[in-house]
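Number of protein chains: 2
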Amino acid sequence: MSKGLIVQKFGGSSVANVERIQNVAKRVTGYRKKGFDVVVVVSALGDTTDELIELASQITTEPSEREMDMLLSTGEQISVALLAMAIHKLGFEAISFTGSQVGIVTDKSHTKARIVKIATDRIKKELKVGRVVIVAGFQGVTPDDDITTLGRGGSDLTAVALAKELKADECEIYTDVDGIYSTDPRIEPKAKKLAQITYDEMLEMASLGAQVMQARSIEVAKKFDVPIHVRSSFSDKDGTMIIKEVKNMEDVLVTGITLNKNEAKITICEVPDKPGVAAKIFKELASSGISVDMIVQNVSHTRKTDISFTVNKNDAARTIKAIKKVNSDIGAGDILVDEDIARISIVGVGMKSHHGVAAKMFETLAHEKINIEMISTSDISISCIIKKNLGGTAVKILHEKFNLSK
Amino acid sequence: MSKGLIVQKFGGSSVANVERIQNVAKRVTGYRKKGFDVVVVVSALGDTTDELIELASQITTEPSEREMDMLLSTGEQISVALLAMAIHKLGFEAISFTGSQVGIVTDKSHTKARIVKIATDRIKKELKVGRVVIVAGFQGVTPDDDITTLGRGGSDLTAVALAKELKADECEIYTDVDGIYSTDPRIEPKAKKLAQITYDEMLEMASLGAQVMQARSIEVAKKFDVPIHVRSSFSDKDGTMIIKEVKNMEDVLVTGITLNKNEAKITICEVPDKPGVAAKIFKELASSGISVDMIVQNVSHTRKTDISFTVNKNDAARTIKAIKKVNSDIGAGDILVDEDIARISIVGVGMKSHHGVAAKMFETLAHEKINIEMISTSDISISCIIKKNLGGTAVKILHEKFNLSK
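So the protein sequences, as listed, match chains U and B.
First residue of the first sequence: 1, per the working numbering; consecutive thereafter.
First residue of the second sequence: 1, per the working numbering; consecutive thereafter.
Note that these hints are calculated values from the structure, not bench results.
There's no promise every hint is true.
Given that identical chains are not distinguished, each listed pair holds provided it fits within a single copy or across any two copies.
Stated by the list, open to error - In silico EDC-like pairs for lysine to aspartate or glutamate, Cα to Cα no more than 16 Å straight-line:
(1) LYS406 to GLU219
(2) LYS89 to GLU62
(3) LYS324 to ASP184
(4) LYS125 to ASP146
(5) LYS164 to GLU65
(6) LYS89 to GLU65
(7) LYS261 to ASP293
(8) LYS274 to ASP178
(9) LYS283 to ASP329
(10) LYS26 to ASP236
(11) LYS244 to ASP50
Let's have the full structure, built from the sequences with the hints guiding it.
Written out as structure tokens, the structure reads:
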């Protein structure tokens, strides 16, 4: 009798070489020995994906997205076959599948496809006869039988979607860190591993710069209430559970702090303060495929106002170009670009029901003479733009003030 | 209006790197420009297959054949995607497919599957809208949707089977030599490239050691009368046509000469000359998976006889082991192994209707004082076992005597 079903996802660093694949096989079969049914989702070996992208780039700078998916999906296919062999070697039954074989059907948006349905018959059949089922992450297939990929980090999505569809008891995401921390331990060594975090907090953390899990997969986990366990493939210690509600959450104001140094602040000066101007600007940016993050527009006293917003540093040049395209129409003044910024954010579901969290953050920064250039808030986060070189200090003092090392 | 349909197959050396893939793209689009419909079959890039085998061997010495197929089929998938990109780059439409996507259905014999049917709808649809269709060679899929491979050289089979199924006007096999030669040019520099050769002759040449094309694919081409053009991917010169009948074939006695130095001669001495003894021996060898080539048993005068046969050198040790297993039952004498042999063969459909070809061969060898240790003949070939160090000389003198450099 099965003790339950576990979906385990191993990222590229967890299967970077033969020895690590063998370690994964040991871990997986350990769960089989304990009586669990196991479905394993694997990413491509180490740098395989980057090597394939490099190969394509030698041929063309604008590869067809369909052909890129054809190319990149081989990476995971190699991983699943090798892992199946390693599990066989340990004397256990296992069978590998591509996304297509296992029936992960997606829409036709090559390189960033969305899963539309998963046929679980084949997986259930194989689990029933006692096999470990190994599924290639990151990939699916259109109804027309074309191979698709789910975008960077897509293996997380494969795992979460399979866990949901198979009604798994747990979805384990194995990675090279041992959980989610209150902040980046490279910046603040006192950072504490969180035992639990809510989906919403994790989503804020993911979109605010923590790179542990793909944001879309957390959205799906939240939507279908799939419990996720983020943990290290190099140790047996518990990691962090991502769940719906954290016990005693009323007591916790702030769960984590993130720092993002990859944004640039764009300011359009002296924008005429009349209806439709902002719309024109941001519509043009959207149609150029540029995602805008924080947007701040102050109250105007002179019929002219400044609009500031942040974009990814890499998009800064394209942003300027896009604005210049509409500027003759709008009649704004100078466009300023500031890459010397960092965004510091505090995240926590507790702040919803507590006053004074924002004030405490601003006060703490002010006390250290850190000037706040922009502010934006959501239900469960507050972000400030500050000078880049002050980012590390800001993390440390906020980490202390909000008692995150306890 | 299409000028006709050509199936082109490019081997691993023809797509060993980005530059060569680009050359293949140029050749393919050249045919498109001339108005042909083109289906391209590609092998894995250069040494990819060997690298994947090496990776698997680091995990297990006895990999599951299903998982080997899963692993190895990625090699061709990489090739087809890259070639599609290279063709796009030249401004032409192209689309790549795995064996599974294109409907190459095989039996379940993993690593050496046989094609049972090919669904051509998708290919025809894509050809109709003007696309070059690129198919991953060497692979297929079982009715249960498991990936299979067709064995070494299987891409030739993919090409020939597609050419047959699509009723192609020609099937071109691109390789790193510029055609089939009357003998190995490294042994006899006067060797002549043949303009034409029959399927039967090519089959003899292939099984007798010429390694240009996979034997099974020639059998299929013969069965369905698919004309094959073997030519170089590095030049535009015509290669060799493999066809049903060669013009003026009555005039040509011998088409080619092959030399095989990879066999060992096994002699079982003093075998009791009674019914069923030979059967016991060769049944045991068959069940050990050893293929036996030439077999010679002399007339017996003493109720004991010697049986000699040849096997691949690599199978010699296993052969001895197998014979020893049945020998107590049979009561034969010593078992001798001679690896110092070469098999020299002359091949040609013309010899069927001409007397004296064998005599001329034996005379020629005798004149050079080359002793013949074993002889075996077929409708269109005569093979002799001689001392290994005399192989080269034998090739040269026979090549001259049968006028093959003209």
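Each hint tested on the structure:
With identical chains, the CA atoms of LYS406 and GLU219 are never at most 16 Å apart, being 29 Å at best within one copy and 76 Å at best between copies. Taking identical chains as interchangeable, the C-alpha atoms of LYS89 and GLU62 lie at most 16 Å apart only when they sit on different chains, with a minimum of 8 Å there against 42 Å within one chain. In this assembly of identical chains, LYS324 and ASP184 lie within 16 Å of each other by CA distance neither inside one copy nor across copies; the values are 37 Å within and 69 Å between. For the identical chains of this complex, LYS125 and ASP146 are inter-copy neighbours only, at 14 Å across copies versus 25 Å inside a copy, given an alpha-carbon limit of 16 Å.
Proximity of LYS164 and GLU65 under a CA criterion of 16 Å is satisfied in neither setting, with 28 Å inside one chain copy and 32 Å between copies. For the identical chains of this complex, LYS89 and GLU65 are inter-copy neighbours only, at 13 Å across copies versus 37 Å inside a copy, given an alpha-carbon limit of 16 Å. Taking the closest pair of Cα atoms, LYS261 and ASP293 come within 16 Å of each other only inside a single copy of the chain (13 Å); across copies the shortest separation is 71 Å, beyond that limit. For the identical chains of this complex, LYS274 and ASP178 are neighbours neither inside a copy (51 Å) nor across copies (74 Å), given an alpha-carbon limit of 16 Å.
For the identical chains of this complex, LYS283 and ASP329 are intra-copy neighbours only, at 13 Å inside a copy versus 90 Å across copies, given an alpha-carbon limit of 16 Å. Only within a single protomer do LYS26 and ASP236 lie at most 16 Å apart by alpha-carbon distance; the minimum there is 12 Å, versus 54 Å between protomers. Taking CA atoms no more than 16 Å apart as the test, LYS244 paired with ASP50 passes in neither setting, with 35 Å inside one copy and 48 Å between copies.
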